[in-house]
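Q: What follows is each chain in one-letter form.
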Amino acid sequence: MSNVSVLAASLMTYALAYAGMTAFCLGMEKHYAQARDGAVLSPASRKWLKAIGWSLLALGILSSAYGWGWSIGLVAWTGFVSAAAISLVLLLSYSPNLLTKAGVSVAGIGLLALLVMVID
Amino acid sequence: MKKTFSLSMAWLHTWFGLYLGWLLFAVFITGTMAVFEHGITHWMQPEGRLDNTVSQPAVEHQFEVAQAYLQQHAPKEKGSMWMITLPGGAHPGLEVRWRQKGEAHEVRLDPASGEPIELRETEGGAMLTDFHYTLLAGLTGTIIVGLAAVVMMVGLISGIVIHKRIFKDFFTFRRQSSSQRSWLDAHNVSGVLMLPFLLMITYTGLVMQPLVFLPLGLKAVYDNPRALRGDSVQSFEQPYAGTPADMVNIGQLLPQAKEAIGSVEWAVIQNGGDASAVVEFFAGVGGRVAAVADHVAFSAVTGELLGKQTEWRDSGYVFRSFVGLHIAMFGGWTVSWLYFIGGIVSCGLIATGLILFTIKRRKRPENEFGAASARVYRLIEALNVAAVMGSINAILIYFWANRILPIDFAERSDWEVRAFLLTWLVSLVHALIRKPLASWRDQVILALLLCWLLPVYSWLSGQPNLLTFWQKGDGIAFGVEVTILLFGGLLSMAIPKLSSTMQGLPSKRKVRPA
Numbered sequence: 001m002s003n004v005s006v007l008a009a010s011l012m013t014y015a016l017a018y019a020g021m022t023a024f025c026l027g028m029e030k031h032y033a034q035a036r037d038g039a040v041l042s043p044a045s046r047k048w049l050k051a052i053g054w055s056l057l058a059l060g061i062l063s064s065a066y067g068w069g070w071s072i073g074l075v076a077w078t079g080f081v082s083a084a085a086i087s088l089v090l091l092l093s094y095s096p097n098l099l100t101k102a103g104v105s106v107a108g109i110g111l112l113a114l115l116v117m118v119i120d
Numbered sequence: 001m002k003k004t005f006s007l008s009m010a011w012l013h014t015w016f017g018l019y020l021g022w023l024l025f026a027v028f029i030t031g032t033m034a035v036f037e038h039g040i041t042h043w044m045q046p047e048g049r050l051d052n053t054v055s056q057p058a059v060e061h062q063f064e065v066a067q068a069y070l071q072q073h074a075p076k077e078k079g080s081m082w083m084i085t086l087p088g089g090a091h092p093g094l095e096v097r098w099r100q101k102g103e104a105h106e107v108r109l110d111p112a113s114g115e116p117i118e119l120r121e122t123e124g125g126a127m128l129t130d131f132h133y134t135l136l137a138g139l140t141g142t143i144i145v146g147l148a149a150v151v152m153m154v155g156l157i158s159g160i161v162i163h164k165r166i167f168k169d170f171f172t173f174r175r176q177s178s179s180q181r182s183w184l185d186a187h188n189v190s191g192v193l194m195l196p197f198l199l200m201i202t203y204t205g206l207v208m209q210p211l212v213f214l215p216l217g218l219k220a221v222y223d224n225p226r227a228l229r230g231d232s233v234q235s236f237e238q239p240y241a242g243t244p245a246d247m248v249n250i251g252q253l254l255p256q257a258k259e260a261i262g263s264v265e266w267a268v269i270q271n272g273g274d275a276s277a278v279v280e281f282f283a284g285v286g287g288r289v290a291a292v293a294d295h296v297a298f299s300a301v302t303g304e305l306l307g308k309q310t311e312w313r314d315s316g317y318v319f320r321s322f323v324g325l326h327i328a329m330f331g332g333w334t335v336s337w338l339y340f341i342g343g344i345v346s347c348g349l350i351a352t353g354l355i356l357f358t359i360k361r362r363k364r365p366e367n368e369f370g371a372a373s374a375r376v377y378r379l380i381e382a383l384n385v386a387a388v389m390g391s392i393n394a395i396l397i398y399f400w401a402n403r404i405l406p407i408d409f410a411e412r413s414d415w416e417v418r419a420f421l422l423t424w425l426v427s428l429v430h431a432l433i434r435k436p437l438a439s440w441r442d443q444v445i446l447a448l449l450l451c452w453l454l455p456v457y458s459w460l461s462g463q464p465n466l467l468t469f470w471q472k473g474d475g476i477a478f479g480v481e482v483t484i485l486l487f488g489g490l491l492s493m494a495i496p497k498l499s500s501t502m503q504g505l506p507s508k509r510k511v512r513p514a
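Heads up: the protein sequence lines correspond to chains L and D, in order. Per the working numbering: the first sequence = residues 1 to 120. Per the working numbering: the second sequence = residues 1 to 514.
Check the hints yourself; a few may be wrong.
Derived pair list, reagent style EDC-like, types lysine to aspartate or glutamate, alpha-carbon separation capped at 20 Å [said to hold, decoys possible]:
#, chain 1, residue 1, chain 2, residue 2
1, D, Lys-168, L, Glu-29
2, D, Lys-76, D, Glu-64
3, L, Lys-30, D, Asp-169
4, L, Lys-30, D, Asp-185
5, L, Lys-47, D, Asp-169
6, D, Lys-164, L, Glu-29
7, L, Lys-50, D, Asp-169
Worth flagging that the hints you see were computed from the coordinates, not collected in a lab. Here the structure is a predicted model, which is why all the values come from computation and not from measurement.
Go ahead and model the full structure; you've got the sequences and the hints to work with.
A: Take a look at the structure:
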């Protein structure tokens, strides 16, 4: 694989893992309040956020397997999820009000890249 | 024994974690460095730096010049093994290796002319890898590291048991709470989020040394380790003939080899110069998780194909998958960086655990050591500093020694290692003399200066530095030096926090009204 496509697969897998973790994080009452000025998480939103979180993580596996094949892809994906979660915790701790925006934009980038890759 | 299960788990976690944590930190930080072992070696031998601005000669030609060099310099004797490694990936140069009378020889060649390149004598990144699993003490060291790995496993499992709020506190890091709370959060979050990596790396680290840790099962089946290897790795060796013979140019066999195994990263010539000489080409281990290399063998005299191995026995393949998972040679730079980040966070986990022990007791001494408690706590504080900052500074001093010692200095590689080891002693003595927080701060500042001044020193002393690496397009050496600079940046963030704790002031944010 060329360096460019490795970089693309890395960014995409990280983006999907990060966005998935953001959805899980927002799906918890205390972090939802933390990230959204004390707003209360409704049970319906919580369900949705969890579903989105799982779907993004699953898409991340696909993207990683596309980049490195299934066996290496699964190992790399696990690493990306951990790295994404660590960066999320740091953002949540230093500037919680950016959490939602960052999550949505990163999810957008990841999904767009995935779409381009599938069409390509 | 403690009253409840979770109390006894907490006891186990605290004491085993403390006593082995010192060692585990050194093992984890050198293991983290080992991910970039070849890159570090390359950086430590800047004379062999790549000039990516000129194009490299064809692989066939490189094999030819390497073979010519070996025929001239390597011994032609029974059981000889000559190795040729092509440049590629993290291995930046054309390298030939052989053993003579038990001594390993390693020469870097100019891929165009085949002339040897003079490199400064150093053990490079290999020393850090060696320390990671032997503590530079051979088999004894491996056994000690193995015991530490068992304790790491115990620490992980007991940690999971006593945490109790794994999912509730999955993303919780209350940085601005009391110092004990924020250190505990950092410890918990890094442990939980890195748990897959931690379990994997600890478990695979243990099982990859079966001859040391589980010898009986293997002994029951195999007479000796060579038989075990022979059962998994096919050998195409031929019995030594004792009659000298001219060898073919092995570069010409390359197209055939590539057709058989796809790609070629290194080659081995057995019994070179003899009528029984065999040349074996290897495909490298980067393409899959399992660390096995497909290989194909030819007679080095007639050029006749002797056979190839691209299929692997399940048992051997599973074992090499564990090894492969640990040494992370697969997946290119992406996987290397993921392992490096995993390693750094794991070091953070161990360091925060060690620090927590003392922070808890600074406020509320538990007097586990009776009348001597105050003195023992003092010793533990000092050992924490020596284990964490001592290890970091030891590696940095090792890098500095590489740049400071004159190139023709006698036994310079030994002195590099001595400087590395002595740093721990100095660090411990310093930590025993100074007050705990002051020694933390002094040593963090030292590490920071070592990181940031390294490129400056290289530049002032007229040695290859960031600028030259950039100009020559040598991304590996450039990457090593930039990573050192960035690590300095990470350390610099600890200094204001340490200073404010020393003055006994609460951090700025805490005094702000909520």
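Q: Please write out, lowest number first, the hints stated earlier that are contradicted by the structure.
A: Violated hints: none; all satisfied.
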